[in-house]
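Colleague: Chains as they are written, first to last, in numbering that gives the first Met the number 0: chain X, 0 to 209; chain Y, 0 to 209.
Source of the hints: derived by calculation from the structure; they are not laboratory data.
Any given hint could turn out to be false.
All copies of an identical chain are treated as equivalent in the list; a pair is satisfied when it fits inside any one copy or across any two copies.
What the hints assert, rightly or not - EDC-like, lysine to aspartate or glutamate: derived pairs with alpha carbons at most 20 Å apart:
hint : residue 1 : residue 2
1    : Lys187    : Asp102
2    : Lys187    : Asp46
3    : Lys187    : Glu122
4    : Lys187    : Glu171
5    : Lys187    : Asp48
Here's the letter readout for the chains.
There are 2 protein chains.
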Amino acid sequence: MRIRHVSPSDIERESFNIIWEELESRGRRYSPEVMPTILRVIHTTADFDYADTLSFSDRVIERAQGAIRRGAHIVTDTNMTLAGINKKSYEKYGGRIHCFMADRDVEIRARQRGVTRAAISMEKAAELQIPLIFAIGNAPTALIRLIELMENDVIHPELIIGVPVGFVNVIESKELLMECDVPFIVNKGRKGGSTVAAAIVNSILYNMPY
Amino acid sequence: MRIRHVSPSDIERESFNIIWEELESRGRRYSPEVMPTILRVIHTTADFDYADTLSFSDRVIERAQGAIRRGAHIVTDTNMTLAGINKKSYEKYGGRIHCFMADRDVEIRARQRGVTRAAISMEKAAELQIPLIFAIGNAPTALIRLIELMENDVIHPELIIGVPVGFVNVIESKELLMECDVPFIVNKGRKGGSTVAAAIVNSILYNMPY
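Here chain X stands alone, though its shape is the one from the complex:
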């Protein structure tokens, strides 16, 4: 076999070393604050495009970690992201992780109003009235509704991870988000996804200073 033996505990470290070296050879510099997130997203996707397109608002990792420590809850737009976030690590800070996409009431309200379940999910999240982090890995319509809810002063998120993927209103919704006065992590362009959203949350979590 052409397979090299690598012990389970070494696989991730060796992967990160390879990513680190390839990033270094490209000669780009990143701030130490955002580097763990860039590394983990590339680890999750094997796609170095993310090194050029991931965008961070000022001091966003520090702010996100503060929100997690204060027990902020996370709302996602896919059950895949929900499954991908390290729940045990997250919930020890007191917060919980929600996805309302498969809820019966969300489906009914979406059909009645002719909008996506993702948009209704965001309205349902707004009703929680607690500090929230949004991890949006799929639906630009979720991002668009969040922006409207912020403009109408209905929600004030601690962080919006805006990494929907696709072809219809995806680029535009991300550009709009980056103009908002809210801490954000966005992947510019069409790419993103549920695994990317989960990787970003986990990267923040695994690098909590305490």
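Please build the complex by placing chain Y on the supplied structure of chain X, with the hints as guidance.
Modeller: For chain Y alone, kept in the frame of chain X given last:
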């Protein structure tokens, strides 16, 4: 807003039209059998690299659909893929979908033997003694163990979807799989992932002839 209004039911169709046009402009031709899978993977990732790297064994879609109709179960190596497969559509054919990664016995056996939980998950699947489709979106060690189990005549999968992602033994494990006498769908190279594995299963499912 620069957002165009697109009704929920039109978003997916419009996305697929955009992907179709971009693929056409590249001038590559694909067989009608595999086209729905290529389209859906690009829809999931917004990454046209997959048009060049997705690889299919002979008549694999037809064979996979036959296996699904006969009630084959699916085993995945991540709970994210499990969450991403359309369970309602799948289970109406009689099969079920499993992920053993978080099982306590898998964790214990992996630690005792110094191998990954993904490898042990495949052994646990082999014990099921029923027709199986494997959807591997994360761990090359799962793929490697599957190949060993086939070589030792322990399992005879109906289909292996081999789309692990990453940097250590990922390319090699996929190359080995494509040399095996088993129906496969593989993404050559480093890319892949849980969302890709789920998209491949769903593409097969959504195009069942009856």
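Colleague: To test your reading of the hints: which numbers does this structure violate?
Modeller: Structure breaks hints 1 and 3.
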